[in-house]
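K.L.:
So you can see what is in the structure, the chains are spelled out below.
Number of protein chains: 2
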Amino acid sequence: MATARLEIAYVGTRFAGWAAQPGERTVQAELESALGRILGERVLLTVAGRTDAGVHATAQVASFEHARELTDRLAERLNAVLPRDVAVLAAEPAPDGFDARRDARSRTYRYRVLASRIRQPFEEGRALWWRHPIDRELLDRCAAAVVGKHDFTAFTPTDTEHTLFHRTVIACEWADERPGLPAMRVEAPSFMRNQVRVLVGTMLEVAGGRRSVDEFRALLEGAPRDRAGETAPPHGLYLVEVTY
Amino acid sequence: MATARLEIAYVGTRFAGWAAQPGERTVQAELESALGRILGERVLLTVAGRTDAGVHATAQVASFEHARELTDRLAERLNAVLPRDVAVLAAEPAPDGFDARRDARSRTYRYRVLASRIRQPFEEGRALWWRHPIDRELLDRCAAAVVGKHDFTAFTPTDTEHTLFHRTVIACEWADERPGLPAMRVEAPSFMRNQVRVLVGTMLEVAGGRRSVDEFRALLEGAPRDRAGETAPPHGLYLVEVTY
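Taken in order, these protein sequences are the chains called A and B.
Quick note on the numbering used here: the first sequence kicks off at 166 and runs consecutively.
Quick note on the numbering used here: the second sequence kicks off at 166 and runs consecutively.
No lab work stands behind these hints: they were computed from the structure.
Think of the CB as a built atom: it goes at the ideal place given N, C-alpha and C, for glycine as much as any other residue.
Any given hint might turn out to be false.
Just some of the chain A residues that point at chain B, by a computed CB distance under 7 Å [stated by the list, open to error]:
#, residue
1, TYR175
2, ASN244
3, ARG249
4, LEU254
5, PRO258
6, PRO260
7, ILE283
8, ARG284
9, GLU289
Every beta carbon over 10 Å from chain B, so not counted as near; a handful from chain A, in silico [claimed, not checked]:
#, residue
10, ALA185
11, VAL251
12, PRO389
Away from chain B, derived, C-beta distances all over 12 Å, residues of chain A [claimed, not checked]:
#, residue
13, LEU235
14, SER377
15, ARG390
16, ASP391
Bound-form chain A, shown alone (with noise of 0.2 Å):
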């Protein structure tokens, strides 16, 4: 068997999440069923960052093992059967045993807000809109507070398979794109569930005047999740890097 790596870009609007379910539209099955019809044999995906439904990609990374070699020009065979909403930005070899997931060293999201009284209609499903008052400098301090290592238990719903709450953000900071669309990117090896969109969900109530970045900074010492605030919506949020 030799093993390959995908490069993926997704609008994740109209997906149920990467991860392949029964009765439901991913990107997993999406890019499976690709890859059967253009190699002729059946390969499983692994995927550095599973996203939840909702969620956009702009460089996702899944890698899988293959018996029969690759077909030339196997990103643009692929891309000229896959719906409009998903495409393979680049595929080729990967060394023996490359593992998507396993062998990421780190991860990065970014999450675009909308800060504006009136509505964007380009930006409908590609950033949180955001009606209310945003002090852009308590995001910053809150952006800063979250680097380092934390015990995240508050920013991951109560229900959850992760053992281990410590998480250490490797880099965290907000930026406007433009004025009035201010985007925060994270990078960490590792993230928890719903982390990015709850971190961002409390922040805004800290910008809003909601509660202090004092608090907040609290959050980040093993808080139960109840005293975070909401999880921010997936449509803001991108899966943007994966280094290796």
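Using the hints, position chain B against chain A.
P.N.:
Positioned in the frame of chain A, the structure of chain B alone reads:
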């Protein structure tokens, strides 16, 4: 009667264009229906640039006459009842007799091209996906040739309501929005039907080596329609500015 002015953005994908037509979903009909609900009177919109089916707008301008007072925070109220693919960016009183179409000094369009062998899901319906080679310098030379007063007969359908075929292009230039995504910006007091799309379709033939810049230049002197290239599809086109 008082006069009001709207600035409007819409994703053209699911609209049969601007102009109201029986049985079709149009931007004008959606807006006039929303205005009727919020203002409590029936109004008729006059628009700066009638866009065809599938064409987008980031800053369309329309005007209307009204008998009752404008509602406070009219833009926000309209957006609350409008569908998600259209929004009013601003709604405000205008000088008596202001006419969004007649008073416009120039319209600016943008045409976006994804120049790549690989599809990009986030550009689906928002840029023309062009897989063929593009010589960027040839695009620049075509754009420079378009500036000034020319007979654009070759760039509008033969079956036409236009009677004058000369137009004066104030500015025309290609710039890379990001690597691999060239976009053309073109400004003129007025355009003929399909003019920007036939210009782009023909320029792409030049940029791919299928005709010369000299041939392109010759088309600007009143050549018949069948001498120019194909009409580029609507989904790459955006009305981006109207000046008064």
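K.L.:
Regarding the hint that PRO258(A) lies at the interface with chain B, is the smallest CB-CB distance below 7 Å?
P.N.:
violated, 18 Å
K.L.:
Confirm or reject the statement that PRO389(A) sits farther than 10 Å, beta carbon to beta carbon, from all of chain B.
P.N.:
holds, 36 Å
K.L.:
Holds or violated: LEU254(A) as interface residue toward chain B, Cβ cutoff 7 Å?
P.N.:
holds, 6 Å
K.L.:
Tell me if PRO260(A) is really an interface residue toward chain B, meaning its C-beta lies closer than 7 Å to one of theirs.
P.N.:
Nearest chain B Cβ about 23 Å off; hint violated.
K.L.:
Measuring from the C-beta of ARG249(A) to each C-beta in chain B, is the shortest one below 7 Å?
P.N.:
With Cβ-Cβ at 5 Å, under 7 Å, it holds.
K.L.:
Have a go at the ASN244(A) hint: is there a Cβ in chain B nearer than 7 Å to its own Cβ?
P.N.:
Holds - the Cβ of ASN244(A) comes within 7 Å of chain B, reaching about 5 Å at its closest.
K.L.:
Against chain B, is ARG284(A) within 7 Å by beta-carbon distance?
P.N.:
Status holds, d = 4 Å.
K.L.:
Compute the least Cβ-Cβ separation between ASP391(A) and chain B, then decide whether it is above 12 Å.
P.N.:
Per Cβ check, ASP391(A) is outside 12 Å of chain B; nearest 32 Å; holds.
K.L.:
Hey, is ALA185(A) genuinely clear of chain B, shortest beta carbon separation above 10 Å?
P.N.:
holds, 19 Å
K.L.:
At 12 Å, judged by beta carbons, does ARG390(A) keep clear of chain B as stated?
P.N.:
Per Cβ check, ARG390(A) is outside 12 Å of chain B; nearest 31 Å; holds.
K.L.:
Over 12 Å to the closest beta carbon of chain B is the bar; see if LEU235(A) clears it.
P.N.:
holds, 16 Å
K.L.:
Given TYR175(A) was flagged as interface, is its beta-carbon under 7 Å from a beta-carbon of chain B?
P.N.:
For TYR175(A), the interface hint holds, since the closest Cβ of chain B sits about 6 Å away, which is under 7 Å.
Hints 5, 6 and 11 from the list above are not met by this structure, while the remaining hints are.
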